Amino acid sequence: MYAIIDTGNGQEKVEVGSQIEVDFLSDKKKGDQVKFEKVLLISDGKAPKIGKPYVSNAFVSGKIVSQDKKDKVYAIQFRRRQDSKRIVGHRRKVTTIDIKEINNGA
5 MYAIIDTGNG QEKVEVGSQI EVDFLSDKKK GDQVKFEKVL LISDGKAPKI GKPYVSNAFV
65 SGKIVSQDKK DKVYAIQFRR RQDSKRIVGH RRKVTTIDIK EINNGA
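Each residue of the sequence shown is one higher than the last, beginning at 5 in the numbering used here.
Keep in mind the hints are simulated off the structure, nothing from the lab.
As the structure is a prediction and not an experimental result, all values here were calculated from the model.
One should not assume that every hint holds.
Lysine-lysine pairs mimicking DSS-like chemistry, simulated, CA-CA at most 30 Å apart [to be verified]:
hint: 1; residue 1: Lys89; residue 2: Lys74
hint: 2; residue 1: Lys33; residue 2: Lys67
hint: 3; residue 1: Lys32; residue 2: Lys74
hint: 4; residue 1: Lys32; residue 2: Lys73
Label-pair restraints from in silico Cβ distances [claimed, not checked]:
hint: 5; residue 1: Glu19; residue 2: Ser70; range: 32 to 42 Å
hint: 6; residue 1: Ala51; residue 2: Asp31; range: 28 to 38 Å
hint: 7; residue 1: Glu41; residue 2: Arg85; range: 49 to 59 Å
hint: 8; residue 1: Arg83; residue 2: Gly12; range: 14 to 24 Å
hint: 9; residue 1: Asp102; residue 2: Asp10; range: 12 to 22 Å
Yeah, the Cβ is synthetic: ideal placement off N, Cα and C, and Gly gets one too.
Go ahead and model the full structure; you've got the sequences and the hints to work with.
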(Lines of atoms letter the chains of each structure in order from A; the text may use other names.)
(Lines give C-alpha, C1' and ligand atoms only; values in the text may rest on other atoms or scores of the structure.)
Protein backbone atom coordinates (compact mmCIF):
# COMPACT_ATOMS: atom_id res chain seq x y z
CA MET A 5 0.00 0.00 0.00
CA TYR A 6 1.26 3.47 -0.85
CA ALA A 7 -0.05 7.01 -0.85
CA ILE A 8 0.82 10.29 -2.50
CA ILE A 9 0.67 13.27 -0.15
CA ASP A 10 0.96 17.03 -0.54
CA THR A 11 3.75 18.28 1.75
CA GLY A 12 3.65 21.98 0.98
CA ASN A 13 6.77 22.08 -1.20
CA GLY A 14 5.71 19.22 -3.47
CA GLN A 15 4.23 15.77 -3.60
CA GLU A 16 5.75 12.66 -2.05
CA LYS A 17 5.06 8.98 -2.61
CA VAL A 18 5.11 7.27 0.80
CA GLU A 19 4.85 3.72 2.10
CA VAL A 20 4.75 2.41 5.65
CA GLY A 21 8.33 2.22 6.93
CA SER A 22 9.77 4.71 4.44
CA GLN A 23 11.47 7.97 5.38
CA ILE A 24 10.84 11.28 3.61
CA GLU A 25 12.45 14.71 3.81
CA VAL A 26 10.11 17.69 3.85
CA ASP A 27 10.63 21.41 4.43
CA PHE A 28 11.55 22.37 7.98
CA LEU A 29 8.64 22.10 10.43
CA SER A 30 9.49 24.84 12.93
CA ASP A 31 6.64 24.10 15.35
CA LYS A 32 7.65 20.43 15.84
CA LYS A 33 10.53 18.72 17.65
CA LYS A 34 12.35 15.42 17.25
CA GLY A 35 10.11 12.55 18.37
CA ASP A 36 6.82 14.37 17.73
CA GLN A 37 4.00 12.80 15.75
CA VAL A 38 2.91 14.44 12.49
CA LYS A 39 -0.24 13.88 10.48
CA PHE A 40 -0.67 14.68 6.79
CA GLU A 41 -4.33 15.07 5.86
CA LYS A 42 -3.76 16.26 2.29
CA VAL A 43 -3.72 12.81 0.65
CA LEU A 44 -3.98 12.93 -3.14
CA LEU A 45 -4.04 9.19 -3.91
CA ILE A 46 -4.14 5.89 -2.03
CA SER A 47 -3.41 2.56 -3.71
CA ASP A 48 -3.78 -0.78 -1.94
CA GLY A 49 -3.05 -3.01 -4.94
CA LYS A 50 -6.64 -3.03 -6.18
CA ALA A 51 -8.39 0.07 -7.47
CA PRO A 52 -6.68 3.30 -6.34
CA LYS A 53 -8.63 6.04 -4.56
CA ILE A 54 -8.03 9.36 -6.28
CA GLY A 55 -9.01 12.56 -4.52
CA LYS A 56 -10.69 15.61 -6.00
CA PRO A 57 -8.37 17.26 -4.91
CA TYR A 58 -7.91 15.22 -1.69
CA VAL A 59 -9.20 11.82 -0.54
CA SER A 60 -11.80 12.46 2.18
CA ASN A 61 -11.09 11.20 5.73
CA ALA A 62 -7.70 9.78 4.69
CA PHE A 63 -4.44 10.61 6.45
CA VAL A 64 -0.81 9.58 6.72
CA SER A 65 0.92 9.71 10.09
CA GLY A 66 4.55 9.49 11.05
CA LYS A 67 7.21 10.36 13.59
CA ILE A 68 9.94 13.00 13.26
CA VAL A 69 13.36 11.35 13.16
CA SER A 70 15.58 14.42 12.76
CA GLN A 71 15.64 18.10 11.94
CA ASP A 72 18.86 19.31 10.38
CA LYS A 73 20.43 21.11 7.42
CA LYS A 74 21.39 19.76 4.01
CA ASP A 75 24.79 20.29 2.41
CA LYS A 76 25.65 23.81 1.33
CA VAL A 77 24.58 24.87 -2.17
CA TYR A 78 26.84 27.46 -3.81
CA ALA A 79 25.92 30.05 -6.42
CA ILE A 80 28.31 32.36 -8.24
CA GLN A 81 27.12 35.82 -9.11
CA PHE A 82 29.18 37.82 -11.55
CA ARG A 83 28.95 40.81 -13.88
CA ARG A 84 30.66 40.42 -17.19
CA ARG A 85 33.61 42.67 -18.00
CA GLN A 86 33.41 44.31 -14.57
CA ASP A 87 35.95 42.14 -12.72
CA SER A 88 33.23 41.53 -10.15
CA LYS A 89 32.44 38.12 -8.70
CA ARG A 90 30.71 36.96 -5.54
CA ILE A 91 30.17 33.44 -4.20
CA VAL A 92 27.05 32.99 -2.10
CA GLY A 93 25.38 29.91 -0.67
CA HIS A 94 22.77 28.55 1.66
CA ARG A 95 21.94 25.39 3.63
CA ARG A 96 18.34 24.24 3.39
CA LYS A 97 16.66 23.10 6.62
CA VAL A 98 14.80 19.79 6.35
CA THR A 99 12.75 17.53 8.59
CA THR A 100 13.08 13.75 8.18
CA ILE A 101 9.89 11.81 8.91
CA ASP A 102 9.44 8.03 9.35
CA ILE A 103 6.04 6.96 8.00
CA LYS A 104 4.12 4.78 10.50
CA GLU A 105 0.53 4.54 9.20
CA ILE A 106 -1.55 5.06 6.07
CA ASN A 107 -5.29 5.30 6.74
CA ASN A 108 -7.55 5.22 3.67
CA GLY A 109 -10.56 6.77 5.41
CA ALA A 110 -12.82 3.75 5.09
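Each hint, compared with the structure:
{"no.": "1", "hint": "Lys89 with Lys74", "in the structure": "25 Å, holds"}
{"no.": "2", "hint": "Lys33 with Lys67", "in the structure": "10 Å, holds"}
{"no.": "3", "hint": "Lys32 with Lys74", "in the structure": "18 Å, holds"}
{"no.": "4", "hint": "Lys32 with Lys73", "in the structure": "15 Å, holds"}
{"no.": "5", "hint": "Glu19 with Ser70: 32 to 42 Å", "in the structure": "19 Å, violated"}
{"no.": "6", "hint": "Ala51 with Asp31: 28 to 38 Å", "in the structure": "37 Å, holds"}
{"no.": "7", "hint": "Glu41 with Arg85: 49 to 59 Å", "in the structure": "54 Å, holds"}
{"no.": "8", "hint": "Arg83 with Gly12: 14 to 24 Å", "in the structure": "35 Å, violated"}
{"no.": "9", "hint": "Asp102 with Asp10: 12 to 22 Å", "in the structure": "19 Å, holds"}
In this structure, the hints that do not hold are numbers 5, 8, in rising order.
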